[in-house]
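Construct all of the structure, not just a fragment, from the sequences and the given hints.
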Amino acid sequence: MKKFVFLMLFIITSISAQEVDSLFVSANNYYKNGDYKNAIEAYKNIASKELVSSELFYNLGNAYYKINKVGPAIYYYEKGLKLNPLQEDIKNNLVFAKRLALDNIEALPKTIFQKININYLQKLSYNQWAIVVVVVSFFTSLLFLLFYFASSPAKKRGYFTFSILSLLLLLTTVSITYNQYGFSKNNIEAIVFSTKTEVRNAPTLNAEEVFTLHEGAKVFVLDAIDNWKKIKLADGKVGWIIADEIKEI
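In this note's numbering, the protein residues as written are 1487 to 1735.
Hints in this document: simulated from the structure, not taken from any laboratory. Here a beta-carbon is modelled for each residue, glycine too, at the ideal position from N, C-alpha and C. Treat each hint with caution, since some may be false.
The calculated lysine-lysine pairs, modelled on DSS-like cross-linking and capped at a C-alpha distance of 25 Å, are [what the hints assert, rightly or not]: (1) K1530 / K1568; (2) K1518 / K1535; (3) K1718 / K1568; (4) K1671 / K1568; (5) K1609 / K1733; (6) K1596 / K1518; (7) K1718 / K1530; (8) K1596 / K1577; (9) K1535 / K1682.
Pairwise CB distance ranges (calculated) [unchecked claim]: (10) N1578 / Q1600: 22 to 28 Å; (11) A1593 / T1698: 14 to 20 Å; (12) F1706 / K1518: 33 to 39 Å.
This is the structure in structure tokens:
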């Protein structure tokens, strides 16, 4: 019975994989032939099956860019970078897409620690940092075992020193992983999808308009009330926007 269940699961998985491969080939063919709208639908069909990847979001971003949909293009490039911050092709295309956006938002000056975080630590996602933790913990355990079973005092001293250094590295990577996870969960990013929208000083339509945003602008979501989201820009401006006019990354 167990063998039968295993065989059925294997068959279902194989069929599903073949279906996704077929969809991906079909989507790529649409894209190559310039049929970007059908390519988008095919890529989204794959995403709906929760089989996402940075490559899939990269292709979706490219397809939207080809039809001058700035908001969705930036949105999917950003989603791709969330999965793989080291993907250079996505970074390069995101630069071109942002040039089409109308809003030029100047970021506030950053502290040295913020610069280190952005320029170095955020090069890896918190999932990738978790892999680093696992690898470092393995080497720390291995060095400790080598120290424990070493026969000569000189080898014991050497293994002990390296195991302590490895332990310190392990604690550091665990701390970085925890901080990156917290940063990812507490800093909710979103992209404006509306062609033009007014941001107000309160979550009501009769509230005063404080500034205007256009399609493709990136915001940080701070709070939510009913159908309103409190947002913050990179330059420090804060206001309320209708929730349907932005899409969280």
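Hints, verified against the model:
1. K1530 / K1568: At roughly 18 Å apart (the allowed maximum being 25 Å), K1568 and K1530 satisfy the hint.
2. K1518 / K1535: This hinted pair holds, its Cα atoms lying about 23 Å apart.
3. K1718 / K1568: Holds: K1718 and K1568 sit about 20 Å apart, inside 25 Å.
4. K1671 / K1568: Since the Cα atoms of K1671 and K1568 sit roughly 12 Å apart, the hinted pair holds (cutoff 25 Å).
5. K1609 / K1733: holds, 24 Å
6. K1596 / K1518: violated, 42 Å
7. K1718 / K1530: violated, 29 Å
8. K1596 / K1577: OK: K1596 and K1577 at ~21 Å, within 25 Å.
9. K1535 / K1682: violated, 32 Å
10. N1578 / Q1600: 22 to 28 Å: For N1578 and Q1600 the Cβ distance comes to about 24 Å; the hint holds.
11. A1593 / T1698: 14 to 20 Å: The hinted range 14 to 20 Å holds for A1593 and T1698, with Cβ atoms some 19 Å apart.
12. F1706 / K1518: 33 to 39 Å: Since F1706 and K1518 have Cβ atoms about 37 Å apart, the given range 33 to 39 Å holds.
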